[in-house]
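A.B. asks: Residue numbers (the numbering used here), protein chains in the order written: chain A, 18 to 319; chain B, 4 to 298; chain C, 53 to 424.
Derived by calculation from the structure, the hints in this document are not laboratory data.
Heads up, a few of these hints could be off.
Just so you have them, the derived chain B footprint on chain A, three or more residues with Cβ under 8 angstroms [claimed, not checked]:
| id | region |
| --- | --- |
| 1 | 152-161 |
| 2 | 195-205 |
| 3 | 250-258 |
| 4 | 276-283 |
| 5 | 294-307 |
Quick reminder that beta carbons are idealized off the backbone N, C-alpha and C, glycines included.
Letter by letter, the chains look like this.
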Amino acid sequence: MSNPQQRKQMSVLDRLQRFLPQLVVAPPFLLIVFFVYGFIAWTGFISLTNSRMLPTFDFQGVQQYVRLLAMDRWNVAFHNLLIFGSLYILFAITIGCVLAVLLDQRIRAEGALRTIYLYPMAISFIVTGTAWKWILNPSLGIESYMQQLGWESFQFDWIVNRDMAIYVVVIAAVWQASGFVMALFLSALRTVDEDIIRAAHLDGASTTRIYFGIILPSLRPVFLSAFVILAHLSIKSFDLVVALTNGGPGYSSTLPANFMYEMAFRRNQIGLGAASAMMMLATVAAIIVPYLYSELRAKRHG
Amino acid sequence: MANPKTLPGANGKRHLFGRLFIWTLLLAAAVLYLGPIYVVLSTSLKDLAEIRAGALLDLPHELNFTAWREAWSSACIGVRCEGLRPYFLNSVIMSVPSVAISTLIGALSGYALSLFRFRGANIIFALMLFGCFIPFQIVILPMAQTLGYLGIANSITGLIVVHTIYGISFTTLFFRNYYVSVPQELVRAATMDGAGFFRIFWHIMLPLSVPIIVVSVIWQFTQVWNEFLFGASFTSGGAQPVTVALNNLINSTTSVKQYNVDMAAALIAAAPTLVVYIIAGRFFVRGLTAGAVKG
Amino acid sequence: MATISIEHLSKSFGSTDILKDISLDVKDGEFLVLLGASGCGKSTLLNIIAGLEPIADGEIRLDGEVVNDVHPKNRDIAMVFQSYALYPNMTVERNIAFGLEMRRISKADRKAAVLEVATMLQIEHLLARKPAQLSGGQRQRVAMGRALVRRPKIFLFDEPLSNLDAKLRGEMRTEIKILHQSLKATMVYVTHDQIEAMTLADRIAIMKDGVIQQVGTPQEIYSKPANMYVAGFVGAPPMNFVEVDLIRRDSQIGINLPAILKGKPKDYFLPLETSKQLEARENTRIILGLRPEMITHTAFTQSTSAEIECDVELLEPTGADTLCVIRLAGHPAKARVSPLLACGPGESMAFSIDTTQVCVFDADSKKLISSS
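Let the sequences and hints guide you as you build the complete structure.
C.D. replies: Here you go:
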């Protein structure tokens with residue numbers, strides 16, 4: 018055995034080298050820890066106080082949550098989220114998936130069509146909202162245009178209709194996101210093993226049956242990804258409502274995100290705003306955490 | 004996709020009807036997607052009298068760029084009547100540094116997390132990844148306070164800091180998933196050649212990373228430029244980014260509604276990201292799907 | 053001088069033990085091959101020698117000096133990787149020169165060194181190209197050049213030929229051997245290909261499940277495999293194993309070999325050279341190891357050979373030889389005969405078995421008992 022003096026020691030620099038990856042990741046990681054997890058904790062704490070205009074440390078338990086759940090405004094917002102979220106996800110996935118399958122049929126102008134379907138995703142929600150607000154306004158928009166054309170009874174006044182305003186938000190949001198879902202599916206369709214399709218053709222299956230029986234079922238992970246992304250986007254939705262309906266008429270088309278902003282910045286109800294933000298986070302986490310967990314686990318084993 | 008055309012017996016009448024059906028659907032969809040931008044564009048080129056006459060979908064009688072000029076330099080937003088220009092510049096000043104810094108940080112941390120799988124790297128990555136999905140309502144209250152403490156409330160600097168921090172999650176995801184597919188042997192070979200952590204990054208990884216850098220820059224730029232919540236929450240008056248200014252312009256109820264100016268302003272606000280999308284759409288799509296198809 | 057000495061080295065990833073108590077010495081100028089199936093730990097061992105993997109337990113010494121904590125760049129070792137790991141963004145010239153560049157060698161010296169190596173490997177005309185523009189064989193040469201240019205005292209090869217086609221692999225094998233003879237450098241070479249191991253190695257270390265099974269010259273490994281794993285791993289087609297009883301007949305120790313002649317079972321007695329170990333195991337089950345070439349046509353019968361006659365079930369012509377599949381102790385076994393003398397399937401044929409060459413393994417421990 019060697020004597021200890023003979024052992025070549027690592028230089029300080031080499032030692033540092035060995036820990037460089039950790040040292041490099043540390044600052045951004047700590048930023049995330051502080052600005053994401055620390056702030057979540059802070060908001061969580063504030064939601065348990067009776068803070069109004071300024072944060073206070075007057076602990077009052079779950080009072081804010083009790084108030085929140087008793088507020089009609091919050092219940093409308095949450096109900097809207099359920100309507101908006103489910104229709105948005107359903108239509109965006111259906112339309113995106115149909116467009117992807119159609120585009121997958123060796124369409125000559127595929128590139129141009131893809132660009133057209135996807136451009137709304139590059140535009141801000143504020144611009145989308147502005148555009149649709151103008152198109153759907155009853156006095157000068159599509160409704161009056163149709164009436165001028167001679168269709169006197171044409172009515173499309175959802176944007177000013179208390180019961181229908183949230184559906185207008187759905188229309189604009191689907192217009193914006195369905196192209197993204199199309200891109201997601203199209204890139205997945207391009208990775209489907211051609212041999213399977215050839216084999217199915219040889220077995221006598223029609224193109225339609227191949228899609229419904231073989232290809233689409235094999236895209237289950239893409240459906241899941243699309244679902245998760247759209248679901249969390251719907252919970253985050255804020256700007257579109259602001260620009261399109263500003264939550265109105267009244268507060269009939271508010272979403273939780275708008276509720277939170279209203280409470281925190283307009284009505285000096287910081288505690289209530291924090292409580293609603295925690296509710297939003299919980300909803301997102303319920304969808305995202307299991308998804309991330311399974312994705313990252315699967316990767317480690319595969 | 005297997006080409007049904009190449010299969011014998013696939014060229015009959017049924018096939019022709021099928022193609023016709025497909026094309027009808029695709030073109031109808033294209034019209035629906037293009038409709039709004041057409042309406043916005045044509046409205047922005049009409050004068051108010053023409054707009055008030057209805058005829059939403061008609062082409063403008065003549066091309067009239069007054070509304071564009073007004074939207075850019077003289078429309079009143081709040082009490083200032085300087086058009087969108089100062090806010091547009093705010094957005095430029097805000098996005099350039101935050102995009103650059105968050106991309107650089109993401110590249111380094113993605114590199115360290117993927118090619119040097121130290122103990123806990125996966126957990127750190129998962130924790131950072133969650134930051135992509137949080138609703139930002141959860142952080143705006145403490146962030147408003149923190150910006151106040153730091154003395155950068157209601158400033159573009161404040162927005163740069165905010166956008167940089169919350170961009171790190173995305174950029175780290177992009178680079179980490181990109182570098183995961185780089186063979187580990189490359190790092191080993193360079194280590195044997197005597198290169199250290201930063202020299203491997205600089206000499207070998209960065210030159211390989213051009214596509215993902217483009218993806219990250221485009222994604223971050225689109226996000227930061229289009230962002231509204233932070234801008235509305237942390238700035239007011241002259242420090243506002245263009246999205247907030249646009250919203251204020253459109254929702255201002257003071258004077259006669261100038262729809263053509265509103266639409267021109269909307270197009271001005273959308274122009275940079277649209278241009279980026281048209282020039283580099285391929286990378287834009289990759290950025291969108293990178294967040295979804297991890298692996 | 054460049055010796056490698058590994059003592060009681062262990063390594064685990066999480067709860068899986070990758071290397072278990074490895075001790076191994078590599079002499080100066082020796083070509084040592086680490087041979088084993090994938091997942092046996094041979095590549096990990098190579099990475100540990102290179103310094104790319106930290107060690108949990110044990111010591112590794114280069115020229116007598118413990119280098120457990122020495123950074124790879126300070127070990128004066130070069131390595132050729134399985135995927136070649138060429139830097140895709142750099143030209144061939146810069147790829148080869150990169151190690152020198154990192155060591156702050158002047159540009160002129162780098163250029164001269166690269167040219168010398170490139171000439172030696174016949175890749176001078178490729179220096180301006182990027183790796184993506186090269187064929188597999190050319191990439192392999194560049195990877196070799198990158199290792200050679202630094203003139204390290206030790207070369208490590210991690211399955212360097214496994215991504216080449218069979219013909220190119222043969223050529224490169226020869227070149228590597230020539231290279232070793234001219235450089236006289238210490239080389240450690242990892243492979244799962246036993247032909248590469250046999251043709252290149254001064255000594256082979258066979259590994260399985262993180263344990264070295266045997267270290268020896270190719271000839272030792274082939275003719276005196278330490279256990280059944282080694283015996284089965286080296287040699288193509290692999291050694292035939294026949295489970296039989298060790299008996300004594302007329303004071304001669306030997307085995308009873310059940311074969312099949314004209315569809316009927318027939319037992320043959322095979323005398324074995326007497327040894328103490330064998331006598332101690334009289335009347336027990338043993339496993340007899342017979343390489344296909346030990347069972348051959350009777351034209352070569354020597355005085356030490358036993359003769360059997362049995363049915364041939366199948367023929368596998370390989371060109372130079374023909375393999376006859378026969379049935380010994382109920383299991384198929386292969387015999388190697390000259391194509392001129394092989395009879396057809398279904399016929400019966402006489403074989404001679406050279407009993408002095410056979411290996412006898414313990415049925416429980418699977419270890420070699422004796423082999424003459």
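A.B. asks: For the region 250-258 of chain A, do three or more residues have a beta carbon lying closer than 8 angstroms to a beta carbon of chain B?
C.D. replies: holds (count 4)
A.B. asks: Examine the region 276-283 of chain A for residues whose CB is less than 8 angstroms from any CB of chain B, and state whether their number is three or more.
C.D. replies: holds (count 4)
A.B. asks: Examine the region 294-307 of chain A: at least three residues should have C-beta closer than 8 angstroms to a C-beta of chain B.
C.D. replies: holds (count 7)
A.B. asks: In terms of beta carbon proximity below 8 angstroms, does the region 195-205 of chain A have 3 or more residues touching chain B?
C.D. replies: holds (count 6)
A.B. asks: Checking C-beta pairs, does the region 152-161 of chain A have three or more residues closer than 8 angstroms to chain B?
C.D. replies: n = 5 at 8 angstroms, threshold three: holds.
When each numbered hint is compared with the structure, no violation occurs for any of them.
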